[in-house]
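Below are the chains, spelled out letter by letter.
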Amino acid sequence: MEKQSTAIQEKEYTILNLGPTHPATHGIFQNVLKMDGELIIEAEPTIGYIHRAFEKLAERRPYYQITPITDRLNYCSSPINNMGWHMTVEKLAGIEIPKRVQYLRVIIMELSRIADHIICNSVIGVDSGAMTGFLYIFQWREFIYEIFEELCGARLTTNIGRIGGLERDFSETAWKKIHYFLKEFPAGLREFDNLLVRNRIFMDRTIKCGPISGEMALAYGFTGPNLRAAGVDYDVRVMNPYSSYEDFDFIIPVGTNGDTYDRFMVRDQEMWESLKIIQQAIDKLDKLEDKTSYHANVPEFYLPPKEEVYNSMEGLIWHFKVVMGETKIPAGEVYHCVEGGNGELGFYLVSDGGRQPYRLHFRRPCFIYYQAYKEMVKGAFLSDAILTMSSMNVIAGELDA
Amino acid sequence: MNSRETEMTTTAIEKLEGYEGPGFLATSLDKAVGMARKNSIWPLPFATSCCGIEFMATMASTYDLGRFGAERLSFSPRQADLLMVMGTIAKKMGPVLRQVYEQMAEPKWVIAVGACASTGGIFDTYSVLQGIDRIIPVDVYVPGCPPRPEQILDGVLKIQELIQNESLRRRDSAEYKEMLASYGMQ
Amino acid sequence: MPISTDTVTAQLKSSFGEAILSAEMLYDFLTVTVTKAEIFNVIKFLKEDPAINCHFLTTCCGMHFPDNKEQFGMVYQLHNMPENFRIRLKTFTADAEPVFPSLTPLWPAANWMEREAFDFFGFRFTGHPDLRRILNMDSLVGSPMRKEFPLEDPFRYDKDDKMFGR
Numbered sequence: 139m140e141k142q143s144t145a146i147q148e149k150e151y152t153i154l155n156l157g158p159t160h161p162a163t164h165g166i167f168q169n170v171l172k173m174d175g176e177l178i179i180e181a182e183p184t185i186g187y188i189h190r191a192f193e194k195l196a197e198r199r200p201y202y203q204i205t206p207i208t209d210r211l212n213y214c215s216s217p218i219n220n221m222g223w224h225m226t227v228e229k230l231a232g233i234e235i236p237k238r239v240q241y242l243r244v245i246i247m248e249l250s251r252i253a254d255h256i257i258c259n260s261v262i263g264v265d266s267g268a269m270t271g272f273l274y275i276f277q278w279r280e281f282i283y284e285i286f287e288e289l290c291g292a293r294l295t296t297n298i299g300r301i302g303g304l305e306r307d308f309s310e311t312a313w314k315k316i317h318y319f320l321k322e323f324p325a326g327l328r329e330f331d332n333l334l335v336r337n338r339i340f341m342d343r344t345i346k347c348g349p350i351s352g353e354m355a356l357a358y359g360f361t362g363p364n365l366r367a368a369g370v371d372y373d374v375r376v377m378n379p380y381s382s383y384e385d386f387d388f389i390i391p392v393g394t395n396g397d398t399y400d401r402f403m404v405r406d407q408e409m410w411e412s413l414k415i416i417q418q419a420i421d422k423l424d425k426l427e428d429k430t431s432y433h434a435n436v437p438e439f440y441l442p443p444k445e446e447v448y449n450s451m452e453g454l455i456w457h458f459k460v461v462m463g464e465t466k467i468p469a470g471e472v473y474h475c476v477e478g479g480n481g482e483l484g485f486y487l488v489s490d491g492g493r494q495p496y497r498l499h500f501r502r503p504c505f506i507y508y509q510a511y512k513e514m515v516k517g518a519f520l521s522d523a524i525l526t527m528s529s530m531n532v533i534a535g536e537l538d539a
Numbered sequence: 016m017n018s019r020e021t022e023m024t025t026t027a028i029e030k031l032e033g034y035e036g037p038g039f040l041a042t043s044l045d046k047a048v049g050m051a052r053k054n055s056i057w058p059l060p061f062a063t064s065c066c067g068i069e070f071m072a073t074m075a076s077t078y079d080l081g082r083f084g085a086e087r088l089s090f091s092p093r094q095a096d097l098l099m100v101m102g103t104i105a106k107k108m109g110p111v112l113r114q115v116y117e118q119m120a121e122p123k124w125v126i127a128v129g130a131c132a133s134t135g136g137i138f139d140t141y142s143v144l145q146g147i148d149r150i151i152p153v154d155v156y157v158p159g160c161p162p163r164p165e166q167i168l169d170g171v172l173k174i175q176e177l178i179q180n181e182s183l184r185r186r187d188s189a190e191y192k193e194m195l196a197s198y199g200m201q
Numbered sequence: 465m466p467i468s469t470d471t472v473t474a475q476l477k478s479s480f481g482e483a484i485l486s487a488e489m490l491y492d493f494l495t496v497t498v499t500k501a502e503i504f505n506v507i508k509f510l511k512e513d514p515a516i517n518c519h520f521l522t523t524c525c526g527m528h529f530p531d532n533k534e535q536f537g538m539v540y541q542l543h544n545m546p547e548n549f550r551i552r553l554k555t556f557t558a559d560a561e562p563v564f565p566s567l568t569p570l571w572p573a574a575n576w577m578e579r580e581a582f583d584f585f586g587f588r589f590t591g592h593p594d595l596r597r598i599l600n601m602d603s604l605v606g607s608p609m610r611k612e613f614p615l616e617d618p619f620r621y622d623k624d625d626k627m628f629g630r
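Protein sequences, first through last, are from chains A, B and C.
This note's numbering puts the first residue of the first sequence at 139, with every later residue one more than the last.
This note's numbering puts the first residue of the second sequence at 16, with every later residue one more than the last.
This note's numbering puts the first residue of the third sequence at 465, with every later residue one more than the last.
I should point out that these hints are in silico values taken from the structure, not numbers from a laboratory.
From the three backbone atoms N, C-alpha and C, an ideal C-beta is built for every residue, glycine too.
It cannot be assumed that every hint is accurate.
[As the list claims (entries may be wrong)] Which bits of chain A does chain C cover? Going by a derived footprint, with three or more residues having C-beta under 8 angstroms, they are:
1. 176-189
2. 483-489
3. 493-501
[Stated by the list, open to error] Using C-beta positions, here's what the derived DEER-type ranges look like:
4. A:E197 <-> C:E561: 47 to 53 angstroms
5. B:R82 <-> A:V461: 44 to 50 angstroms
6. B:S76 <-> A:L454: 20 to 26 angstroms
7. A:Y448 <-> B:R82: 45 to 51 angstroms
8. C:L615 <-> A:L454: 28 to 34 angstroms
9. A:Q203 <-> B:K173: 30 to 36 angstroms
10. B:E193 <-> C:P593: 20 to 26 angstroms
11. A:V447 <-> C:D594: 41 to 47 angstroms
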């Protein structure tokens, strides 16, 4: 009998370019995948397609002009970035913010966290084929936009608040809308949950999809919902509380496997917790004696009202000094971090006493944790890789800065 | 369920000019083809940054882009008519954008949504392309940072107007070829 | 036992002596300046010592102080989450083309952060697996975050300097 010759087959791999423009990669980053059929053997990411040189730009702008730049970091939740920047400058200059302003800031930040998680969760649904959740829950994001418009005039890139507080008090309409939101959004979120959370198809697609262990996540510098889904309960709001977060009572939802389903559920649960925080903030505001202040008394940083500018000499001089950057900022370096939609958003500010920062470095969570993507998709199917990427909530603005 | 009241308004449906009679309308081919094209645009959303999120809001239920016929988004340039560039284009992205534009089949239109796509926006830096009209020809610019969904819809309506009134011979004309040559394209 | 900044400073000084150039509290952050030769060992010590246990690399970035003799530097920030202890380490060098030790053996997170420092400042990192530009175009000449590099594109022809007040 003939011996069958066993030819060792050379496997031929396909190189697939999951290019910068792709319907499922939300934001522009490229992945060159080496694939064995549907399985991914290796992934090589390239980023920088939207590098706008924020850090260099920040060295040429006075402190109050950097807020629009911080807006465009994680643009899905820009109020959090704005507040983080203002708190950094306030830390450097040693400004004390009144309690009422801190509670108002908490309301704004939690609303924008809900808005960010709405986008991420509904987009995970869209990428696994469920378009309905996206269309229904986005109406609630439009409502949050309406609240932001009442507060600052803009929907998405809000440039909200000023160094020293907020630019105006919450109006009557804003309070009406916030109360309506607290009353009606839970029903909308429950509807969205009913569509996806115990959905057989969704669970089959997302469980065990792109898992990462807690140790790996810490080694790769993960923070935020991605780290919490891997089992580590690190939340900057609890560990280094800022803006009176220590007064609030909320849990940190934590997952077990670090896979897509856990990330989805952690974000979902965080939305419920944010609603609780907003309700507690409103209750605390009612109990405060101070019912009118919306900014700290820092004339060196906070513009005087226009009636004073046009009618009094001091108002005019303060206005001139603030706008021209003649205020004294102490020289020094400070690092402040806030819990952004994606994790620990840090601002490392080095000042030499001048009107512009000497060096401003943004610790961008997306940039740091996206490095782990190629490890997470090794050996996974292409469709799982797409879902993993959308569940990591990579925002291109924060990735490249 | 939104707090604003919705008013039902009826807008007159525009009619094509032509000679009309019972059961027929005689008009020129340009106008008929223009009407057909403008109501079935297949856009390619080239969404890069913040304007992309406002585009997501435009596609969603409140500001629905689908009611203008642009329901089917195409991510393949070969099947798209309208290239919607939304967001900052860095110099690294420029060749990619140009390749996508060149892969689209005629007739094609380009709309630059947002300040960054129109002129570079607030990012006057070494790494940002100061306007996409440096590398591809643009038909409509929508200013804003980011523009409201109503503004984006206004831009799309202007594109529809351009499409309605475009002559069928435009893409073969000498001026069009000259314009493409000025960008270095055939 | 909760970690205090004094015990950490004392331990660093006793283990590394001359290499610790300064240790001070800046705005609630213990900031330690170390010589370039010992920075890797100091960070390894801080990570692996069971009492200090700074297991998380928060961030690292480059600095350029053209007015100082030691003009280029790196800043690292570490975090011990269970004890909520943060520390900042700085190291400076006077070389024109600085070379720093890479932290990738300790944390894979340092990979892209060091590539960013290479891209922005031109620093090289010994032991880095894949040192190349990450955010800017590969064809860019120069290091953009150095103070002498201009912010705006020098090849623009349509900006009228008279109108921009330059």
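A quick look at each hint next to the structure:
1. With a cut-off of 8 angstroms between beta carbons, the stretch 176-189 of chain A has 3 residues touching chain C; three or more are needed, and the interface restraint holds.
2. For the stretch 483-489 of chain A, the proposed coverage by chain C is satisfied: 3 residues have a C-beta within less than 8 angstroms of a C-beta in that chain, meeting the threshold of three.
3. Using a Cβ-Cβ cut-off of 8 angstroms, 3 residues of the stretch 493-501 of chain A lie near chain C, which meets the minimum of three, so the contact claim holds.
4. Separation of E197 of chain A from E561 of chain C is about 22 angstroms and departs from the stated range, judged on CB atoms against 47 to 53 angstroms.
5. Checking the proposed 44 to 50 angstroms range against R82 of chain B and V461 of chain A shows it holds: the Cβ atoms sit about 45 angstroms from each other.
6. Roughly 49 angstroms separates the CB atoms of S76 of chain B and L454 of chain A, a value that falls outside the hinted 20 to 26 angstroms.
7. As the Cβ distance of Y448 of chain A to R82 of chain B is approximately 47 angstroms, the hint placing it in 45 to 51 angstroms holds.
8. Under the hint 28 to 34 angstroms, the C-beta atoms of L615 of chain C and L454 of chain A, about 32 angstroms apart, fit the expected range.
9. Checked against the hint of 30 to 36 angstroms, the pair Q203 of chain A and K173 of chain B passes, with Cβ atoms roughly 32 angstroms apart.
10. Between E193 of chain B and P593 of chain C the Cβ separation comes to about 51 angstroms, which falls outside the hinted range of 20 to 26 angstroms.
11. The hinted window of 41 to 47 angstroms between V447 of chain A and D594 of chain C is violated, with their beta carbons roughly 55 angstroms apart.
Checked against the numbered hints above, the structure breaks hints 4, 6, 10, 11 and satisfies the rest.
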